[in-house]
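Chain Z is fixed; fit chain B onto it per the hints.
Residues per chain, in single letters:
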Amino acid sequence: MEKRSFSSWLGTFIPCFLLWLLLTWSLELREIILGAAVSAIVAWFTARFFIHKKPFFLLNPVKWVHMVVYAVVLVVEVIKANIAMAGIVLSSKCKTCQSGIVLIPAGEDIKSDYALSTVSNAITLTPGTITMDVAEDKTGKNYYYVHWLDLQETDPEKAGEMIKGTLEKYAGRIWK
Amino acid sequence: MIYAIYVFIAIGVFFSFVGTLGVMRMPDVYGKLQASTCIATMGTLSITVAGVLYAIHAGMGVSVCIKLAILLLFVWGTNPVSNHALIKAAYKMGVKPYKEFKIDSYKEEEKK
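Chains as they are written, first to last, in my numbering: chain Z, 3 to 178; chain B, 761 to 872.
So that you can see chain Z by itself, here it is in the shape it has in the complex:
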């Protein structure tokens, strides 16, 4: 948790205010003043949780392109995993399939807390895998503990390849 500063407050205030404008979808003076007041209060309390180092990393158009690409990749992965999950639930496999908790290593460009939580949320969003914890060893390499319903591979590297696929590459580009 960082100390409050004006730039971190502004970095939280701008996305909050944009979200307010998108949700109300009107440019009346009354709405704008109310939105600015609410965003200012919310940003004052939450800035130190959201902003760690660079306050304006989200206001970069290149990042938005990376985010859209990442969203498309995520949706494709989620659809594939959902079909697999429907296969498990609708067959007799749900009583017999062997589950387990595997340890998988994070990629090299996954360093910050944001990137780690993005990838672990993506793993949790795909049905069949849920991230239980994130750990860091002495050399600074990060690991995920993943509960896998239909366990197929126990080797960390290969299991990581099967669970994460290309997701981690695209998530790493956002939070470089």
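By construction, these hints were calculated from the structure, which means they are not laboratory data.
Remember, predicted model here, so these are calculated numbers, not experimental data.
For each residue, glycine too, the CB sits at the ideal point set by N, CA and C.
Careful, some of the hints might be misleading.
[Claimed, not checked] Mimicking DSS-like on lysine-lysine, the simulated pairs with C-alpha atoms at most 25 Å apart in a straight line are: (1) Z/K97 with B/K792; (2) B/K859 with B/K848; (3) B/K867 with Z/K143; (4) Z/K95 with B/K862; (5) B/K856 with Z/K95; (6) Z/K82 with B/K792; (7) B/K859 with Z/K97; (8) Z/K95 with B/K859; (9) B/K867 with Z/K160; (10) Z/K97 with B/K827; (11) B/K827 with Z/K65; (12) B/K827 with Z/K143; (13) Z/K160 with B/K862; (14) B/K856 with Z/K97; (15) B/K792 with Z/K95; (16) B/K848 with Z/K97; (17) Z/K140 with B/K856; (18) B/K848 with Z/K140; (19) Z/K140 with B/K867; (20) B/K848 with B/K867; (21) B/K867 with Z/K97.
[What the hints assert, rightly or not] Just so you have them, the derived chain Z footprint on chain B, three or more residues with Cβ under 8 Å: (22) 795-808; (23) 814-820; (24) 830-840; (25) 843-850; (26) 853-866.
What follows is chain B alone, placed relative to chain Z:
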């Protein structure tokens, strides 16, 4: 256009049904949590897409589409957090799985 909306709603209802059935059929808490993810991901996604298509079809304007997209973003953002917390809490409480875990790497982490 209207048939595309029907197809998306049908897909959403099917995956919500699969998720609900999974919650009932799975033998242990871990499997139930895994199955419930289907409802929040594919069910919400297809029905939101259907809603966006309907808003375009009925000429409701951009604001409705953006509100639906933000709705999807919130559901997809909060569901993994709660699922992660629930499964970790279940493990720490010592809930036994229906079949013994084939590999349990988390046990060593607990001892540290």
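Consistency of the hints with the structure:
no.: 1; hint: Z/K97 with B/K792; result: holds (12 Å)
no.: 2; hint: B/K859 with B/K848; result: holds (18 Å)
no.: 3; hint: B/K867 with Z/K143; result: holds (19 Å)
no.: 4; hint: Z/K95 with B/K862; result: holds (16 Å)
no.: 5; hint: B/K856 with Z/K95; result: holds (19 Å)
no.: 6; hint: Z/K82 with B/K792; result: holds (19 Å)
no.: 7; hint: B/K859 with Z/K97; result: holds (9 Å)
no.: 8; hint: Z/K95 with B/K859; result: holds (13 Å)
no.: 9; hint: B/K867 with Z/K160; result: holds (21 Å)
no.: 10; hint: Z/K97 with B/K827; result: violated (40 Å)
no.: 11; hint: B/K827 with Z/K65; result: holds (22 Å)
no.: 12; hint: B/K827 with Z/K143; result: violated (39 Å)
no.: 13; hint: Z/K160 with B/K862; result: holds (16 Å)
no.: 14; hint: B/K856 with Z/K97; result: holds (15 Å)
no.: 15; hint: B/K792 with Z/K95; result: holds (14 Å)
no.: 16; hint: B/K848 with Z/K97; result: holds (22 Å)
no.: 17; hint: Z/K140 with B/K856; result: violated (31 Å)
no.: 18; hint: B/K848 with Z/K140; result: holds (23 Å)
no.: 19; hint: Z/K140 with B/K867; result: holds (19 Å)
no.: 20; hint: B/K848 with B/K867; result: holds (12 Å)
no.: 21; hint: B/K867 with Z/K97; result: holds (24 Å)
no.: 22; hint: 795-808; result: holds (count 6)
no.: 23; hint: 814-820; result: violated (count 0)
no.: 24; hint: 830-840; result: holds (count 5)
no.: 25; hint: 843-850; result: holds (count 4)
no.: 26; hint: 853-866; result: holds (count 9)
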